[in-house]
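Enquirer: Chains as they are written, first to last, in my numbering: chain A, 1 to 608; chain B, 1001 to 1765.
Because the hints were derived from the structure by calculation, they are not lab data.
Only a predicted model underlies this, so the values are computations on that prediction, with no experimental measurement involved.
With a straight-line Cα cutoff of 20 Å, these simulated SDA-like cross-link-like pairs (lysine to any residue) come out:
id: 1; chain 1: B; residue 1: Lys1107; chain 2: A; residue 2: Ala120
id: 2; chain 1: B; residue 1: Lys1157; chain 2: B; residue 2: Ala1072
id: 3; chain 1: A; residue 1: Lys515; chain 2: B; residue 2: Ile1580
id: 4; chain 1: A; residue 1: Lys545; chain 2: B; residue 2: Asp1122
id: 5; chain 1: A; residue 1: Lys545; chain 2: B; residue 2: Arg1121
id: 6; chain 1: A; residue 1: Lys503; chain 2: B; residue 2: Asp1686
id: 7; chain 1: A; residue 1: Lys117; chain 2: B; residue 2: Glu1699
id: 8; chain 1: A; residue 1: Lys117; chain 2: B; residue 2: Val1732
id: 9; chain 1: A; residue 1: Lys117; chain 2: B; residue 2: Val1139
id: 10; chain 1: B; residue 1: Lys1085; chain 2: A; residue 2: Trp157
id: 11; chain 1: A; residue 1: Lys515; chain 2: B; residue 2: Asp1572
id: 12; chain 1: A; residue 1: Lys503; chain 2: B; residue 2: Arg1121
Not everything, but these chain A residues come out facing chain B in the computed CB check (under 7 Å):
id: 13; residue: Ser83
id: 14; residue: Thr516
id: 15; residue: Asp518
id: 16; residue: Thr522
id: 17; residue: Pro525
id: 18; residue: Ser526
id: 19; residue: Ile527
id: 20; residue: Pro529
id: 21; residue: Ser531
id: 22; residue: Asp532
id: 23; residue: Ile535
id: 24; residue: Gln562
Even glycine gets a Cβ: it sits at the ideal position worked out from N, Cα and C.
Spelled out from the first residue to the last, the chains are:
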Amino acid sequence: MLRKIGKPALVLTTACTLLFSAAAFAATDGSSKHWASDTLQEWVSEGLLKGDATGNLNENQSITRAEFVALVNRVFNYSDTSSQVFADVAATKWYADEFSKAFAAGIVQGDASGLMKPNASITRAEVAVVLANAFKLTAQNANTYSSFSDGQAVAAWAQDAVSALLEKEYVQGRTGNQFAPSAKITRAEAVVMIDNVMGYLIHAAGTYNRDASGNAVLNAGDISLNQSKVAGNLYLTSGIGEGDATLKGVTIKGNLYVEGGGVNSVTLDGTSVGGQLVINRKQAPVRVVISGESSLSNLVFQRSGKLVIESPNTVDTVTVAPSDSKAVITITGKIKRLVIESGAVVDLSNAEIEVLEVKGTGAGATVTVDASSQIGKATLSGAASIKGTGKVNEAEIHASGVTIEQSVSTVIVKDGLTATVNGKEVKGTANNTGGSTGGGNSGTSPTPGVTPTPTPTATPVPTATTEPTPTTEPTATPVPTPTPDPVGSVKYFSFTDQKVPVKLRDYHLVLIGEKTLDYTMTLQPSIFPVSDDHIVASVLDTDGKVWVASANELTRFNIYEQDAGKAEVFHQDEHFKGEIQALLVEGDVIWVLTNDSVSQIKYKSSIK
Amino acid sequence: MKRWTKSMVSAVIGASVFASIPLSAFAATAALPSAKFAPVALEERAQKDMKYYSASEFSALAHKDKILAGFAASLVIPSDLQVLKVIGEEQLTAFVQDGETLWIGTKSGVTRMNFSETDTRDYVQYLSGPRYLYNGDDVVTGLYSDGSNGVWIQNAKGVVHLAMENKTLKEKADIQEDIMKTVNDRNGMIPDQYYSIVNGQYVGKPRTNDNDGLWTAAYAIGEIFRYQTALREGNEQERVEAKAAATRATKAVLLLNQISGRADGFPTRSYIVKGQEQRSGLWFEVKEAGAGGYALAVKSREAVGDKGAENFRITDPDLILEAKQAYEAMTGRTYDVDWGTKNYYGPNWIYPVVFDTKVSGPRNVGYLEPGVAWRLKSDINEDLDPMLAALYRDMGISDTDIIYKADTSADEVLAHFSLFYYADRYLFDGASDEDAHLKELTVQFADRMMNHILTNDFRIIDAHGNSTTWSKWFASYFLKDDPENPGEFAYGYEDGPLNAIEIMSFLKTTMYLTKGKADYSEHYAQYEQAYNDLWDYSYDGTENGKGYIRFAKEHLQRRLDIVPRDYMEFDDYSSDPARIEDIVARQDVTLSVNYSDEHLFTISFMPLIELELEEDPGSSRVKDLREILDQWWVNMSRELNPLYTFVYQFSNQDNTDVDLESAVWMMYRSPQIRIELPVMNSTRKDVLHLDDYSARDEEELLLNRVLPPDENKIYKYNKNPFVADENVSNGVYGGVNYNDGYMSNSTAFTLPYWMGRYYGMIEGE
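Bound-form chain A, shown alone (with noise of 0.2 Å):
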């Protein structure tokens, strides 16, 4: 146990001096030796935990939720605070400080109302949730905690975190194999189970070499962390501050996150991630460099942030997909795959890019190409921008409002949509509109046997006024009339898209941190004043029934139906994507706000 909090080998001895000074605290509730005596005497010596006005740990006493929230702040040694107020939290409390870390960490919201409950004992289940957003622990299968012989009491807002934690067995079942979800958990159960997943902490300053046989923490700056291997995930915390954390011959099987480190930098050097590297700085962009013969399939940018890859072929798949459309992300170096999810900024310095792919979510987002860049091939399915002078070989176009300021050797703009490249309006048919734009061309002029499109076969150049399809009505309406959307169709649209009611694209600002929640927030977050924990959102229609959404699903019917197969059941992935966040009825149509973007449904034909 001793070994599992890490200090630089200068250190080390007078650490362990100070641990066995500690031990004064272990028999704090009896003379014999408590089951979790050491992993306690451990967190004492390290400041982590602390006894009360005795000295007494009150082990078998069970934690408060404040308590337990402080324990996990001190693991990660957040910094950062939230502005978001809770009734039940005054200011003047200690504990007001370490909910508000918390909740800028995200690792707790408060309930349904609003509410810290900070006197409350935490519950297991409460734990697991703690937990799951502290440590970013998602189950592979979404049922695990059935197995526990009482899943069936596990609420719907735990399950996930439940399962996760079971699946990398940081938890057990009681007697019966119970989890027993409502139950209290005692300080010194608190303790453990956080020492479970947490793994290894290091937390000051130094050189270490220290393999992990599951998770490892890092949570201060100017650390390098050599020749060793991380069994689980290694989380490099915002306790970092700006300081520095470098990896050197570290070969991490999980996934590596980074949300401290300053501008100089967090480096990876001869440093190889199994899963993903995951950055996600909130107080400042982080530097992240990549050299020597390090090798990661996938890095995602959650939040703002520097990229530099010195070394070639060592990134396969960089994703963009801050929820924050004003991050800013700079990227150094050649990598395979850039994939942009959100509307955010990319910068591209001296980059090589083989293929970058807009997605349909990352509407609004601009690429910025200097001359010193390039990039192979870009797909935008999503209103995006790409400027700059550095070059761009081909673009293939699949959604209206592109804009790609610079000449493109090679433009497929799909059927029926519209483009701006290099200054000129592109439109696509249905049959082909391979071209290209440089050199002060106006439009489009087809090059057959260039694209890959569908049907090669000689057209007119298109034009913006001309009905593409051979038909023999030549007096057919120049524009097709606009026929409204059928009952159920579902569409996309990213958070900053106009289209998006004011009220949503708002609420999204508020939830992800980006705008204040005030007066001219309007929104009523559900019709029900009392409602079971997991039902996020809830909206009257103007066939006055109910939808009723919990993150997963989305329901519509009317409140005397007792036939349950009569409420009609939209889905995930089907007609929203992510979890929903909010919903907003606006004559026949549906908005659904999630994580990942805003869906709107119709469901009731048009209102004349």
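Go by the hints and put chain B onto chain A.
Expert: Leaving out everything else, chain B in the frame of chain A:
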């Protein structure tokens, strides 16, 4: 319900007089004939009426067994009703369905659903806290439909019967009129009041209120609209009752203008009768009544020189000498020696009551107190008008039983002026001696108070010769840079836009009242000049009354200006100044709104805009006033407040977009009985919580939308309706005693109701 008996004598006289008066010119005439808005047709809606039973009281009910059987049956919750799955097994405790009404009992109160209600906002209603669950235990243990649209609600503490009977808003107004007379009326004054329930009837426990004048005037103005509505509609019984009620309340306010006997336009806040509770402040007891008599200051914490007494310092050398000599004569000791060690002592001032430091005793029942060496004297310069004094004399109270409060505030003054206007113009319209006399008094008192303000450097002066604390309209009071405290706002900077409208309204009102009357011609000219000065000059803070229109237009700016100062008082903000900067950057004026000011602004604005509209609806002054109102409307419009909505519609009669429907919905959902009880809305899931506190209270959680009044706290528009909880601490409701409490004044309902009807914004009853 116990009926009003206190003024039976005057009511009978009143009725016989009113029966003979001619109908005024307003009869049968639409109030706003050229207005373009469409009225909202009123209809009956279900109104909530609660009866509270402790466990023992319930067990005494004859039909309790049937109800108990119903409670037991409600615990069997159907498994097939979709909506119950939304509430969730964790929450559900009881359920009963009555036709299309679902009563859903939970661990957090009762949710009522009925999707056949007229207004979709009423589909889901929330019943929680002690208003609906006995003693505020929100865990429902049983429900039983009463078969008449209501429900019996059981919890561990007792049972509440919630009846829901269809009623008109007029019936609600009548209920509140009855309660005002039974509970709230104190010699004609109608403030909030304490009550008890004795033998099943509400009984008032009269007590002084610092805003006796304000609330009585607001109530009276509502009764005047009621009177005019009845007059126009030819409803004789309503007309007689309305006139009696309006007249009685107006007399009470007029009496406050005279009861000190100073005859100089000073309006007292309140008065009590010896033996009644005296609250803080400076009070005088009448020693010799009538012209030539006098009153003496009464011992209180402030009167003797303690915290809060700064404004009561007397610096007149003659009075100081007199007081110190009296002290020495009585005690044989020197005042300065004895008092020199006290916190509030100063060699160059004394306080209105000087007493022997060696004599201890309570300080707030001073008129019986020994040890008093000297008291400030206030001369009585006129006899009380018998018609006014009858309000207490008819109760067997003599003039020398009176103790009046020698303090006032702009809140009081503005309400007096507005009432003067409506009473003179719309109430005292008959040929009777009473009407004529009261009309004369109204003009006289308005003139006296207006003249007092103008001749005392735009302040109201108390008996000690100093300005009263809250009645100030002088120019430097509103400066951004306080000459006496450079770098800080002058004390009235924040209030400037409100006070500017006040003084404009005072002058315009008094001009209306005195115009064309020979006795007032000289004063009228002064008022007219002063009124024009408010509009025609620039404002630099040096000349009283010049150019106040300039800062009347700075309401929003000044609300924002005070944000940094006010929020630095809060730890959460002073430790994170970026939050303050954020409020300023996004120009969130709503957080620094003083909700009481909105009410005061409205009461003052009403006569002002009416008179200016009458003079010239297309004038630049009307344009300016609308611009000012629009600034206040930024926050007011969020509140769906019927009074503010109707005043806004009145000021913009061509505007067809004003949300009259929501204003009426708020009246439908306004509680019938305005008992103040704890309310907790912070835990409900159909609201969002704002990120910031109000600048006026760091602890109060704010909601993002206004709740229906029967789910909110009781408020008279002078409280922030967005504050989530009332009288709740750490998630626990404050104490409740259903037989003893505080009854709010009805003006929040009756004033807009009758105003709306009179102006034709609502139709029917």
